[in-house]
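Chemist: Kindly generate the complete structure, drawing on both the sequences and the hints.
If you're matching them up, the sequences are chains A and B in order.
Heads up: the first sequence begins at -11 in this note's numbering, then just goes up one per residue.
Heads up: the second sequence begins at 2 in this note's numbering, then just goes up one per residue.
In case anyone wonders, no lab produced these hints; they're calculated from the structure.
The C-beta atom is built at its ideal place from N, Cα and C for all residues, glycine as well.
Listed below are several chain B residues computed to face chain A (Cβ distance under 8 Å; list not exhaustive): (1) Ala133; (2) His137; (3) Glu141; (4) Gly145; (5) Thr147; (6) Ala150; (7) Ala153; (8) Leu154; (9) Gln157; (10) His161; (11) Met203; (12) Ala205; (13) Leu259.
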Amino acid sequence: MTDHSGKIFPRPSPETAVYWDACREHKLMIQQCHSCNHFQFYPRIMCTQCMSSEVNWVQASGKAEVLSFTIVRHPVSKAYAEETPYVVALIQLSEGPTLMSNVIECDLETVAIGMPVEVVFENWSEEISIPKFKPAE
Amino acid sequence: MAKQSLRGKVAIVGAADTEVGVVSDLGATQLCVDAARRVLDDAGIKKEQIDGLITCNSMAEPYMYHAETIAEYMQIFPQYCMAIGAGGSSTFSVMHHAASAILTGVCDTVLISMADSLRSGLSREQAMLVQASTGHAQFESPYGPTVPAYYALIAQAHMHKYGTTAEQYAAIAVACRKHAALHPAAQKKDPITVEDVLESRMIADPLHLLDCSLVSDGGSAIIMTSAERAADFPHQPLYLLGVGEGHSHEYVSQARNLTTSAALESGKRAYTMAGLGPADMDFAQLYDCFTPTVLIELEDLGFCEKGEAGAFVESGAIELGNSLPVNTHGGLLSHCHPGNPGSMYHLTEAVFQLRHQAGERQVKDAEVALVHGQGGIMSSHTTLIIGRERD
Ligand SMILES: [Zn+2]
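Modeler: Right, dumping it as structure tokens:
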């Protein structure tokens, strides 16, 4: 198993705990506004479209596409050296919101803008699993 | 009460740079003081005449109260004192804070001095921290993005949407290097070609090493006062004709649009205030942390149509002697990039050009210039228009 210690671990806050708890169960959660149905990510205490405070957690389909990407040839720190080069991408979920992630389980040179991808989880510790994306089946 | 325009009401009456590049005998604090000392000299005034002070915080030598620390070091006692936390666009946004302070009588003569020593003064740990703290702590940084990677995401999206090429990005680095070769203090002067850029190490596709700006030490400063008082200073005053800001996001994953930035808004606001347009600019000083930054700014600031900046830079248009010289000092790509103060050199160079003091790299008969700062990941933008004529 890959050693993830030394990487930049997310530190869940009260606002994001639901998200990271779900990741541990390999579920990708985003927020949806109860008033206007707007989907959003990252988690917030308000809907960015209508300011409603009734934002609910819903499970995302995990289906997405690559909005943009780069192949990082020089890692951000030693802890990432083993997996260098790696793809850092902006991923647009089918529900709408965009998030940053890595595209994995494929030949890096085949990654392209518009490529359909789906979520997959990488277990970094007992507490933290990280959502990443691989080419859609 | 009608909204009051800043147009033509304040002027830059002093500008100076310290030595730049690798300056190992001065720390970030001393560079800030050295820049201040030089600009007082340039403006021909004593420190007692400064009643407003603006600095930016340093990464190498951060202070809780940076501007106050510099004031104390120099033993000046301002009635307006402010440090900004970041660089890029914030550097220029202080111009209209200073202008407003002058116009409302809060103070008369503002010294803006900024410096850092990213090359010599930053420990390995500090450098790592800077890199890691650029992204969203929970939703970006764990994925291992580097600063070039953020801009690579922008560059790649522009290539995909508009067919921009790596050669076109490279042409920007080549132009900046040509200009730096004419600047006595520039950090990098060896000529480079498009091939050199493409053959330099790939850092984060499509950005090669030579698409990335430098890491430097250095300081830079200006002095501003009211247009009325500006006539009492030794140099040709440069009037602030237009200023505008635009802000669209902080983290790149939250960008409204990857290929069109809030430079569109900052530019429009500055042009509207100035009553001028892109065609009126004799040259442009555009923030150039990475080559794609310049390309997108050229489009969003109206120097060419959206999607056409690739062809524009490839034609050589941005080189001295051609239609729109860009970064006549060499920019962050070749002159120097000490972090937060980086865009100050775009401004001081604009001052030297408009005073007609730029020597070999002088833009002939330069009257009006646009200076643009950008911070974050194409996140926050400030556009300035300055010129020799007040009206
Ligand atoms: Zn809503």
